[in-house]
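Visitor: Here the protein sequences come in this chain order: A and B.
Residue numbers for the first sequence, in our numbering: 1 to 399.
Residue numbers for the second sequence, in our numbering: 1 to 399.
Certain hints may be false.
Below, a list of computed lysine-lysine pairs in the BS3-like style, where the Cα atoms sit at most 27 Å apart [said to hold, decoys possible]: (1) Lys161(A) - Lys11(A); (2) Lys388(B) - Lys145(A); (3) Lys291(A) - Lys237(A); (4) Lys287(B) - Lys388(A); (5) Lys399(B) - Lys287(B); (6) Lys399(B) - Lys57(A); (7) Lys145(A) - Lys287(B); (8) Lys57(B) - Lys237(A); (9) Lys328(A) - Lys366(A); (10) Lys145(B) - Lys237(A); (11) Lys388(A) - Lys287(A).
The set of hints was computed from the structure by calculation and includes no laboratory data.
Number of protein chains: 2
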Amino acid sequence: MSVKVRKTATKLADGRDLFYFDDSPEYVSGEKTRRLDDPRPLKDRFAPIVDEDGNEKPVTGPWMRLDPLTGEWVVMASHRMNRTHLPPADANPLAPARPGAAYQDGEIPATDYDVVVFENRFPSLMVVPGQDREVVDLDGEEIWKTAPAAGRCEVICFGPKLEENLVQMGPKRMRTVIEAWADRTQALEQMEGVKQVFCFENHGEAIGVSLHHPHGQIYAYPYITPRTATMLRQARKHREETGGNLLADILAAELRSGRRIIDETEHWALYVPAAARWPVEMHLAPKRDVKAIYELNDAEREDLAHIYLKMLAAGNKFFEVEDEAGNKSYLEIPYVMSWHQAPVGEEREDLRLHMQLHSVQRAPGKLKYLGGSESGMGAWISDTTPEKIADRLREVYGK
Amino acid sequence: MSVKVRKTATKLADGRDLFYFDDSPEYVSGEKTRRLDDPRPLKDRFAPIVDEDGNEKPVTGPWMRLDPLTGEWVVMASHRMNRTHLPPADANPLAPARPGAAYQDGEIPATDYDVVVFENRFPSLMVVPGQDREVVDLDGEEIWKTAPAAGRCEVICFGPKLEENLVQMGPKRMRTVIEAWADRTQALEQMEGVKQVFCFENHGEAIGVSLHHPHGQIYAYPYITPRTATMLRQARKHREETGGNLLADILAAELRSGRRIIDETEHWALYVPAAARWPVEMHLAPKRDVKAIYELNDAEREDLAHIYLKMLAAGNKFFEVEDEAGNKSYLEIPYVMSWHQAPVGEEREDLRLHMQLHSVQRAPGKLKYLGGSESGMGAWISDTTPEKIADRLREVYGK
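Using the sequences and the hints given, assemble the complete structure.
Guide: Written out as structure tokens, the structure reads:
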């Protein structure tokens with residue numbers, strides 16, 4: 001980790017990990033705020049469940065099943081339905097603790113923080129200690145496989161303030177977020193059984209985000225995800241046919257063509273991919289062959305902090321809206337930001353780190369819905385072209 | 001075609017095909033209603049476009065690009081943005097023509113109909129006569145391929161009345177819809193370059209449907225869709241490993257297990273698949289090895305008309321809601337209904353006809369959104385289990 005960020009590890013009252021990432025040395029969360037530990041009366045999350053008759057039942061985690069039609073694991077996190085101790089609707093569980101409050105209704109014990117990462121309280125992927133991880137048949141049928149969804153789900157808060165987004169926080173804070181992504185990716189890749197680490201952000205109500213505090217998520221999957229499996233298959237085929245690395249060759253082609261490039265810096269290129277499928281879509285790739293965020297060097301991380309924020313700002317200028325009085329403003333777009341990192345293991349070589357951002361916003365007031373072609377057949381229909389998307393982004397980029 | 005249905009073919013004013021499927025012999029659309037032809041002053045859809053200076057430009061159709069990251073074709077139907085002559089917002093373009101109206105604002109010339117199928121006016125897939133169908137490089141780069149999206153998009157209206165859904169129309173009309181699906185699938189499979197015919201229905205505002213008239217769509221793709229390609233890969237692997245047909249073996253396992261079966265008739269089985277990924281999901285499969293709807297025999301079609309409507313009715317009883325006065329009712333769910341038919345050509349043998357229906361409704365007022373895990377990584381997380389879905393469906397089925 002860079003000297004610019006100090007990491008402090010602690011545990012929440014129910015045993016979950018929490019990590020502070022502080023971006024100035026004189027300010028240390030927990031120490032300064034005197035609340036490193038979680039004062040809530042939460043019981044250990046793996047303590048056996050006691051029923052009405054006093055009988056103990058072991059805690060069960062999420063499971064997953066292998067869909068024979070697609071060869072894809074589907075996680076079943078129905079245990080999340082039994083959520084208890086949910087914060088009141090007006091509370092923000094990602095806010096720093098209120099100073100002096102006797103009981104915390106939030107997740108973060110410190111009364112201030114810069115960037116904080118902690119295990120999700122209601123995870124879709126979780127390792128339950130002592131649970132056998134073996135893949136077994138379902139209903140005694142060989143055609144169906146089931147196994148514990150033994151991974152990990154973490155939440156990353158980008159800053160302490162509900163109202164301040166990443167662009168407003170600026171490049172110094174963004175750099176801390178990058179350090180946190182790097183740190184967590186490296187740590188989670190070491191966890192037993194983890195095949196792939198995914199840092200992402202769901203942003204906006206239109207894609208179902210209910211917490212408005214600026215935050216993202218980090219998933220450690222115990223399997224290679226369908227999209228990564230597809231890219232690996234393409235990358236392998238490309239290597240066998242041409243000897244080249246697929247992602248390197250796509251980036252080189254985008255730079256040669258130049259038609260859809262939004263920005264190019266010393267270390268990064270930002271572009272609309274030639275086969276963009278969403279109404280707004282951008283890919284951001286490092287020029288060097290890097291497999292994961294933690295392999296980025298200092299200069300690449302610094303460069304990324306700036307181009308990443310310019311990318312977000314451009315997305316939020318894509319659509320101009322006018323109110324009844326004729327006042328113009330921009331529409332903040334909902335988006336999904338996905339860091340594609342190479343999987344752990346032998347298939348690592350064929351992939352490269354890159355980011356894909358997409359929005360379902362087609363126009364002000366209009367969303368792209370996934371109808372039968374997309375959700376039934378996986379066949380995407382776009383109402384625009386990558387060149388039109390790029391033209392608009394270039395118009396507003398950096399302005 | 002069964003003797004029970006009479007098909008009448010005609011053309012719309014701009015040259016598109018339209019087919020009436022009438023389900024009682026004494027009632028023939030067009031003849032009885034004296035309006036077989038489209039009286040609208042629409043110009044031929046392939047007539048060259050004349051610009052302000054009088055220069056002629058040939059009409060261009062939708063294009064598609066092969067995404068090198070996924071190996072998937074993405075259709076770019078940006079020509080649809082230039083829609084003209086859209087009907088007024090309060091008009092229903094799928095309603096029968098108004099008797100005596102001088103100008104039609106709808107798509108159907110006859111003043112009444114039973115079931116009608118016609119080419120979509122703003123299709124995502126279209127063959128433009130004379131357009132070369134060759135796959136070519138984009139921007140001179142071998143890594144990107146582009147080609148005309150030379151397929152076909154048809155609309156199927158299930159009945160003449162805006163307010164009447166399929167369940168209310170009943171099995172006789174449903175049988176006519178099945179005949180129309182069968183007829184169109186068989187015809188479209190014969191079209192040059194068509195690899196796969198997809199009959200589907202997008203239902204409900206929650207998935208973006210703007211026309212409330214009961215209707216579905218039929219797409220003829222010039223490529224094998226990603227979902228079908230995935231199932232084919234799985235089916236081939238399954239055949240090589242076990243010698244069996246994947247879909248036959250899944251159906252047999254579901255019937256043996258019985259745990260998720262909703263209904264079983266002489267010819268069909270309705271079940272929640274063991275790895276269901278959506279909050280509500282049902283698969284409906286014929287017991288016989290059938291590749292496409294038109295291969296179903298008379299008894300299978302008759303049986304299907306009944307079980308299909310019972311399936312729709314059960315979906316619409318899945319969620320009970322209560323108003324402020326304490327009155328209970330059921331929530332009509334949004335859904336995507338997808339008929340999976342085997343593709344044209346050598347890979348046909350490994351697949352079988354079956355239907356998949358899914359809904360994004362998680363609970364009353366709550367939708368399943370595709371966040372980063374689903375839309376970024378293709379990794380589905382379900383908040384329920386297939387067994388819970390099946391239990392609820394069995395509770396309300398046939399009631």
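Visitor: So if I understand the rule, the pair passes when the alpha-carbon distance is 27 Å or less; does lysine 399(B) with lysine 57(A) pass?
Guide: The given pair, whose Cα atoms are some 37 Å apart, is violated under the 27 Å limit.
Visitor: Taking only the CA atoms, is the gap from lysine 145(B) to lysine 237(A) under or equal to 27 Å?
Guide: The hint holds at about 16 Å.
Visitor: Check whether the Cα positions of lysine 161(A) and lysine 11(A) lie no farther apart than 27 Å.
Guide: The given pair, whose Cα atoms are some 22 Å apart, holds under the 27 Å limit.
Visitor: Given the proposed pairing of lysine 291(A) with lysine 237(A), does the C-alpha separation stay at or below 27 Å?
Guide: The given pair, whose Cα atoms are some 19 Å apart, holds under the 27 Å limit.
Visitor: Between lysine 57(B) and lysine 237(A), is the straight-line Cα distance small enough, at 27 Å or below?
Guide: violated (40 Å)
Visitor: Can you confirm whether the C-alpha distance between lysine 399(B) and lysine 287(B) stays at or below 27 Å?
Guide: It holds: about 25 Å lies between the C-alpha atoms, which stays within 27 Å.
Visitor: Hinted pair, alpha-carbon criterion (27 Å max): lysine 145(A), lysine 287(B). Please report holds or violated.
Guide: holds (23 Å)
Visitor: Taking only the CA atoms, is the gap from lysine 388(A) to lysine 287(A) under or equal to 27 Å?
Guide: holds (25 Å)
Visitor: Given the hinted pair lysine 328(A) and lysine 366(A), is their Cα-Cα distance within 27 Å?
Guide: This hinted pair holds, its Cα atoms lying about 18 Å apart.
Visitor: Run the distance test for lysine 388(B) versus lysine 145(A): straight-line Cα separation, threshold 27 Å.
Guide: Answer holds: lysine 388(B) to lysine 145(A) is near 18 Å, not above 27 Å.
Visitor: Within a Cα-Cα threshold of 27 Å, do lysine 287(B) and lysine 388(A) meet the stated pairing?
Guide: Between lysine 287(B) and lysine 388(A) the Cα gap is close to 48 Å, so the pair fails against 27 Å, i.e. violated.
Violated hints, in rising order: 4, 6 and 8; the structure is consistent with all others.
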